[in-house]
Amino acid sequence: MDSSVVLPIVACEDKIAETVEANLLVVIIGETGSGKSTQLSQILRRRGYTRSGTIAVTQPRRVAAVSVSRRVAQELGVVLGEEVGYAIRFEDRTSEKTCIKYLTDGCLLRESLSNPELNQYSVVILDEAHERSLNTDILLVLITSATLGGVKVSKFFSDCPILNIPGTLFPVEKFYSTERPTNYIESALKTALDIHLKEPPGDILIFMTGKDDIDKMVSKLEERIQNLEEGSCLDALVLPLHGSLPPEMQVRIFAQAPPNCRRFIVATNIAETSLTVDGVVYVIDSEYVKQRQYNPSSGMYSLDIVHISRVQADQHAGRAGRTRPGKCYRLYPASVYSEEFLDATVPEIQRSSLAGTVLYLKSLDLPDIDILKFDFLDPPSLATCFPSSESLEDALRQLYLIDAIDEMGK
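Numbering-wise, the sequence shown is residues 265 to 674 according to our numbering.
Hints in this document: simulated from the structure, not taken from any laboratory. Incorrect hints may have been included.
DSSO-like cross-link-like pairs, simulated, lysine-lysine; straight-line CA separation at most 27 Å [what the hints assert, rightly or not]:
no., residue 1, residue 2
1, 554, 475
2, 591, 626
3, 591, 475
Have a look at the derived ranges for each label pair, beta carbon to beta carbon [to be verified]:
no., residue 1, residue 2, range
4, 447, 494, 25 to 31 Å
5, 270, 668, 50 to 56 Å
6, 525, 589, 19 to 25 Å
7, 483, 567, 18 to 24 Å
8, 315, 425, 20 to 26 Å
9, 661, 338, 48 to 54 Å
10, 476, 275, 41 to 47 Å
It should be emphasised that the depicted structure is a prediction, and the values quoted were computed from it without experimental measurement. Note that CB positions come from ideal geometry on N, CA and C, so glycine has one too.
Can you build the whole structure from these sequences, using the hints too?
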């Protein structure tokens, strides 16, 4: 039996089809495990939306675009690259037969430069919209998201309808540290080894801030596991997962583990959303994430290690409950979660240079567009301590200095 049959979104097929048919814009809020990433495109295909064009589904990351398209092709029983395909930077695995296309939001932005109306598509779905990438904020059309504030987005699009899809998240038991560790890498390492020695079979997903942390963790794990007494625990396979890995290395996490073997998946926040890794039962949340911040005054970016938000913490825990009950080990006290974390991640548009965005909007040559008064979903005015006028004027100034626009802003 196809696994899609048991997903909650399938029971909402008629309501989704009716709402999409009657409205140009629809907000769909699907809880974790609802099946929105794989099933929404298939529902619209069954309802005939591929007769007038391709269904496009954007993902914020390459590995998600590749893995979800593979899953959909498998469920439909077709060859990947034919009826179902994907497009990421430097790789386009689609054909003239393609009717469902998964692609990164950056790829769709580039396509819109040559075809602003995107009339090759019958429907455009922006998945994981709660991540609020700069590209997604500009592309925001049809939203499928596990955690986005749907009411706010609906009002931005003149009160378009909102559909709520329940999820199938299994219960996840959460454990908090009594105090913050002095070294989150060592604390995560100790927690992972304790799980390996004491807990029943099940893979472990460890969230780290970036490639350097992951390399250290992978090296330390492999060394410590080799020193364990033979026969004292399951065999172990340690797998890194981050954006710098080539796609063929990233998809290794979807391969079935060898018999009597526990996998340790050490990942950045690339593993937060869209990816359902069968076998993950334990999650270790280190509290931190790397985030790019732009300072218009200096014109410089910095890559800062910051606290995750409550939304991200909940997403991390949800990874342990996708396919069976799980456990989440949070390396921080419960008071940190409730009192110190932001409700949601600061949108990328509020912490980025807007020069590229402004140039993109101007290249569309839309009539009557005033960049300084453009109606962004979350205006740059809330960015750090810089007003929107400073962020946008800085972008216009940069473009003028490199002769990308003239003194009239054209």
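Check your understanding: Against the structure shown, which of the earlier numbered hints fail to hold, in ascending order?
Key -> 2
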